[in-house]
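Student: The lines below spell out each chain.
There are 2 protein chains.
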Amino acid sequence: MSLNVVIIGAVALGPKVASRLKRLAPQAKVTMVDRDSLIAYGGCGIPYFISGDISEPDILRETSFYMVRDKKFFRGAKDVEVMTRTEAVAVDRAAKTVHVRNIETGETTDLPYDRLVLATGSRPNRLNIPGVDLDRVFTVSNLNEAIRIKELVAGGQVGQAVVIGGGAIGLEMTEALSDLWGVETALVEVQDQLLPGVVSPIMAHMIRHHLAENDIAVYLSETVQRIEDQDGAWQVVTDKRTLKTDLVVMAVGVRPSGNLAKEAGLDVSPSGAVVVNARFQTSDPDIYAGGDCVENLHLVTGKRVYFPAGSLANRQGRIIGTNLAGGTEEFDGIAGSFILKAFELNTAAAGLSLPRARAEGFDAFSAFVVQGDRAHFYPGMELMYLELVVERSTGRILGIQGLSGQGDALATRIDAVAAILKYRPTVKDVSNLELAYAPPFSAAMDILNALGNTAENIMAGKNRVIEVDEFAEKFERRAEDGCVFLDVRGQANAEPFTAKYPEHWVSIPQDELLDRRDEVPQNKELILICNSGVRSYEAQVMLDEMGFGPTLNLQGGMGAVKKWGLDIV
Amino acid sequence: MSLNVVIIGAVALGPKVASRLKRLAPQAKVTMVDRDSLIAYGGCGIPYFISGDISEPDILRETSFYMVRDKKFFRGAKDVEVMTRTEAVAVDRAAKTVHVRNIETGETTDLPYDRLVLATGSRPNRLNIPGVDLDRVFTVSNLNEAIRIKELVAGGQVGQAVVIGGGAIGLEMTEALSDLWGVETALVEVQDQLLPGVVSPIMAHMIRHHLAENDIAVYLSETVQRIEDQDGAWQVVTDKRTLKTDLVVMAVGVRPSGNLAKEAGLDVSPSGAVVVNARFQTSDPDIYAGGDCVENLHLVTGKRVYFPAGSLANRQGRIIGTNLAGGTEEFDGIAGSFILKAFELNTAAAGLSLPRARAEGFDAFSAFVVQGDRAHFYPGMELMYLELVVERSTGRILGIQGLSGQGDALATRIDAVAAILKYRPTVKDVSNLELAYAPPFSAAMDILNALGNTAENIMAGKNRVIEVDEFAEKFERRAEDGCVFLDVRGQANAEPFTAKYPEHWVSIPQDELLDRRDEVPQNKELILICNSGVRSYEAQVMLDEMGFGPTLNLQGGMGAVKKWGLDIV
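Here the protein sequences come in this chain order: A and B.
Going by the numbering used here, the letters in the first sequence line up with residues 89 to 657, in that order.
Going by the numbering used here, the letters in the second sequence line up with residues 89 to 657, in that order.
It should be emphasised that the hints constitute simulated quantities derived from the structure, not laboratory data.
It is possible that some hints are incorrect.
No distinction is drawn between identical chains; accordingly, a pair holds when it is met within one copy or between any pair of copies.
When the alpha-carbon atoms are kept at most 27 angstroms apart in a straight line, the in silico DSSO-like pairs for lysine-lysine are as follows [stated by the list, open to error]:
id, residue 1, residue 2
1, Lys516, Lys391
2, Lys184, Lys159
3, Lys160, Lys550
So here's chain A without its partners, still in its complex pose (with noise of 0.2 angstroms):
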């Protein structure tokens, strides 16, 4: 007798399951079930169908050889048979059957089964408000919502919109509907920073400069009540401020769908994840749950976390349809690396963010550094701003997070650090990284050496730091403090300053601190900048020698004062 698959879900994990226990096990039975009309399409691909990057929605359900993945397909090219517009009512696991129902015709049926996945993916958190459920407010959480939402931008239908949440998908979004349509676009998030958990608020901040660069309001700190439509014009009530609109977004996360597998009394988290074990079975090892429903180690906590995306989905089908096969591939955890296009800004990240790091409980700090993602004299150079969170007392990579023009470029930093972080690397182990070097690509001292080696100096307690936001609040508090800025770039950098601010802003050129070490102020707390937190580290090892102080270097310098949106001359 030849192996009966059935799988519940027929997005990303499904379809790869599928595929591979197929090529596997070709005289396997494999059935796909899925609730909605369209399936394996790229999911993560809806917020640029939206923008109109994507013209048709047919593109999100091709092979990359360009063939529709309908039933049609899945027969021919897979030999796997699918069901639409059927739910997964039970599942019967004495029985081994689960009880579908077709939900156009109301049919229902028992399809028996040897091994059951359970690939049922997430489901749209939505406010517990009034107005959640009108027709203008979507959860961007399928193909065909999307479909409606473009019909309404490209009908010209929507002047205003709102997005509610200020995670990734929630910016894509906005960036969707503003960029090429030029919809006016609001932003209100909860939490007092956008990417909450995924960056540090220095960060954050900067992404949030980079929206309003782009006329984009954004409202953090501010709960939505309610949503109203009074009579054809719909409203967003914040409780600090009404918002008009013509559409709202409702990106407030996902929330694993565990209900079926805890309905048929499967070890189900507190959050409504199935349990399953490295091998993806769950507590019935007839039964294989991963992707969106299930929650996985993360490799640096060792905890269960749910961190749902269509990569992992992708990889993790293809270890349930080895394991069906008859394997035992087991997977690690994850790293949460997280890419995001928001405008002309990208953001990366693998492993924990510092406000993360500090809330599982780690003795953590950073480090920031502003470099060229390229030889500095190479055309195209940009500015990339990565930060790099380090176990103070074993120097141990939590994680690391950047922001950058260039997204490739970006990702090629935080990508290697992703891929070493289950080996538990050090900060030397980044000091020490080898990226490819030629001067289009890196420089010498590539900005993700640079930044191991900051965190190293900063451990060793030789480059006493302070954050961009701590420089903001040492500004503004100039006149109390008595604190003196000493800016050691060039003349030209800092002569506005010292023209607007001559009772503490004080220049002396890093390479003139020796000569000048007269002009140095005494006995003030002198705060040490330049244009990325390299000279002016250079400058504390003089001042120290010299025996000046206390100072402390602005990480970054003033090219995160910039990026972050502080403007001072």
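Model the placement of chain B on the given structure of chain A, informed by the hints.
Tutor: Showing chain B alone in chain A's frame:
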């Protein structure tokens, strides 16, 4: 008494040692000695200065904050003394002095040292043939030479050029002369492929094809016999032809400058490299060496290897600086990361190429994948070509090489593998490597993961492959051998081939194989063809199941064939 350190050599390694040491031990007295008048320049930028991407030579001498790194800079910014145009003639280890001579005045001095650092770098190889000393023959080994080449080119004195050597510098110089200046350039390489040792013959062939598309004449397996000056008309004579030229670039590799060390009685390798331990101490513990004058442990082979690179010199310089200040830092070894831009094609590598792996005694095979570098539906997606070199018995990753028009995207994949090489990864680690995913940057199943998967399928005997060069041979011999090329792409893709080669080319789209099994040629060797090797792999599994064969799957499919330059329709 403060530490007195003398550093011989003031490019890359030397300045880094000096800077790091002074930051850790500001009291140290540091003197750098260099033969040249120009120091601390970015030598790797020379091709881009010659090409015109960089306008002035001083740009290569600048820091990232645009200060020229001259003697004055080192004195002011680093408190480091520099003696230029000064040759280190001999080291007296007993007396702990370096005997130096001013090249301009002839004056000699003995510099005492507590610790000595040999940053003597490399010297360009010169062929032992008549004419190498002609004034139109350059090795591009220092900035003064580069300035002279650019004067000639920009002065309109170079209509034709010959580059001898198809390694990285040779290829960079070929583009530099040809692309902007329009110099008619020929490249002569003694071995039978470009980038010998770095990439496989197949990738090298693809690079050669790209050069041909850019009107570069490439002559492989040719030995230059002499260079002649016939009254101001120069020519390069090989064993096969005579090439008229106005300029000769001799880029036939470099060798470590270990003479000074050898004469001082220090251990030197057979290749002339200074022998150092993991802390970069020579056989005299008071003398350190690093950068281009030493060999390094290769992380894959475990053997010492010569791998000169500016990035390596910078990272090693920092370690030496740390150790001079009392540290005990060690260097792991090198992954051999490499990247190169030549016209619109970028080449990158880490670890061993297939020929080199085999030469090192590994039972190695390679997987070759052609896939988009981001989601196939995202605008700007380009095909990437990756080759993974694997030890057959263990699945251990020995190396990776790749080609792409988008260099940063290529670096992302190569660097991620370079980063893990020291942990002895296997194909499963590559299959599950967690690259940050969003459609603008990667595919849900990224090409790197697909590459690991393909390697695993080959190891498992599921995917039985031929390379594009074998395909070319089989295609050539199709009449004698009687094999059939079974094209499993869509009808439209296959049609031109079936029309032109009706007896040898058969079209059955992969998704129609089950229904059209009667049309599959019987008792023939079937060469399975698609655009990338993915659908043809699926076809291979199906044909195995149906009992057809033997079958061979063309790795990389017609994508590889096209890139390789074989034009059969």
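Student: Now look at each hint and say whether the structure bears it out.
Tutor: Now for the hints, and whether the structure bears them out:
no.: 1; hint: Lys516 - Lys391; in the structure: both (25 angstroms within a copy, 22 angstroms between copies)
no.: 2; hint: Lys184 - Lys159; in the structure: within (25 angstroms within a copy, 81 angstroms between copies)
no.: 3; hint: Lys160 - Lys550; in the structure: between (65 angstroms within a copy, 25 angstroms between copies)
Every hint, counting from the list given before, is met by this structure.
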